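Engineer: What follows is each chain in one-letter form.
There are 2 protein chains.
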Amino acid sequence: MSDKEDAFTGARDAFIAEWGAMGSSWGINRTMAQVHALLFTSEDPLSTDEVMAELRISRGNANTTLRELVGWGLARSVIRKGERKEYFEAEKDVWRMFCIIARERKRREADPAVETLQRCLNAVSGHRSAQAATFRSQLESVLELMQLGGRVLERITSGERDRMMKLALKVLGAGGPRP
Amino acid sequence: MSDKEDAFTGARDAFIAEWGAMGSSWGINRTMAQVHALLFTSEDPLSTDEVMAELRISRGNANTTLRELVGWGLARSVIRKGERKEYFEAEKDVWRMFCIIARERKRREADPAVETLQRCLNAVSGHRSAQAATFRSQLESVLELMQLGGRVLERITSGERDRMMKLALKVLGAGGPRP
DNA sequence: CAGAACTTTCAGAATTGATTGAAAGCATGT
DNA sequence: ACATGCTTTCAATCAATTCTGAAAGTTCTG
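Residue numbers (our numbering), protein chains in the order written: chain A, 195 to 373; chain B, 195 to 373.
No lab work stands behind these hints, which were simulated from the structure alone.
Heads up, some of the hints might be wrong.
The list treats identical chains as one, so a pair stands whether inside a single copy or across any two.
Unchecked claim - Simulated crosslink set (DSS-like; lysine-lysine; CA at most 27 Å straight-line):
{"hint": "1", "residue 1": "K364", "residue 2": "K279"}
{"hint": "2", "residue 1": "K300", "residue 2": "K360"}
{"hint": "3", "residue 1": "K279", "residue 2": "K360"}
{"hint": "4", "residue 1": "K286", "residue 2": "K360"}
{"hint": "5", "residue 1": "K364", "residue 2": "K275"}
{"hint": "6", "residue 1": "K275", "residue 2": "K300"}
{"hint": "7", "residue 1": "K364", "residue 2": "K300"}
{"hint": "8", "residue 1": "K300", "residue 2": "K286"}
Model, not experiment: these values are computed from the prediction.
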């Protein structure tokens, strides 16, 4: 059994590492992504100490990261009867996970950026030079696409999973060369 | 005029800063995003020296970053008759820009990740423990969603802009409460 | 209330990633 | 061949982010 156990552990560690790497390149702290991967693939909720041990990280780091995951809505804390320790479990449904991340990032990053861009646009509304015209028109295009994208994302992430899957399949079917 | 000039410059600098910040939180080097913003809103192509001067960055940094932008397909170099200097201009079409970024990131990040995840999945195929079952099923769900997402993205970014805009509007119309 | 169990905080250390600038490397024209 | 104008490279430096661990804080239990 220990062979199998080891192979399993290895695969899981590989997943945790990969998820961590993906996180980094998507603006999510590596450790946070790793802790998430751990909880996400864990049978049962884990305590801070278990997370520390599995990932070889400090108590402070584990604590902060778990809080942050709860803040994102990607994990929640679980208290077992008769135990004082706090345990954590991840959102296990992949579609819901995706929606949470997408909406949260939009709210934190895209929405404020759109506002700033609007302000930039207002600031040059009175300028008549060719330079200003180029700038204005580019800015308008960007804003338009961002706002459209935002609304689409809002719709997609607030629909039920099954309807969205059907929609995806339709897009795949319809996108090909025309009849 | 110098008042107007200053206000324009200010707005443009704000845009460059914002674009840089957005870049950082989307895994794109801040400077690269800034140089892109500069070219993207510039009337004419710019030389390395002009980029250096506008953004107050070193020659090495400017050169590397411009190369990288060309590598991504977000900028191209332009040579003017009778001049030895190289100038750079950005892709100005926002939709095409979006498609380039989306496809390139998929190719560089998502595709390799999917492969790794596949390998993780294979590695645990023979395991029968409850732990392994949880792990396997979570991994399967993630892979499925990533692959579906990838195919959808591929379709969307290879269609013509107008068709995609129509699609977007349809999604917005259809997503509401059912009749 | 005292002590044990557990959690939070945060100043400094460590790590990672970005930037500089000067030297080396081309072309081109004379 | 040499000088000139421009580009590329890369070791050293700098900046930003992340992590640690010990101390302080909180909550529970007997």
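Engineer: Please go over all the hints and tell whether each is borne out by the structure.
Structural biologist: These are the hints, each one checked on the structure:
1. K364 / K279: neither (48 Å within a copy, 50 Å between copies)
2. K300 / K360: both (24 Å within a copy, 22 Å between copies)
3. K279 / K360: neither (43 Å within a copy, 53 Å between copies)
4. K286 / K360: within (21 Å within a copy, 34 Å between copies)
5. K364 / K275: neither (48 Å within a copy, 50 Å between copies)
6. K275 / K300: neither (38 Å within a copy, 45 Å between copies)
7. K364 / K300: Both: 25 Å inside a chain and 21 Å across chains, each within 27 Å.
8. K300 / K286: both (21 Å within a copy, 24 Å between copies)
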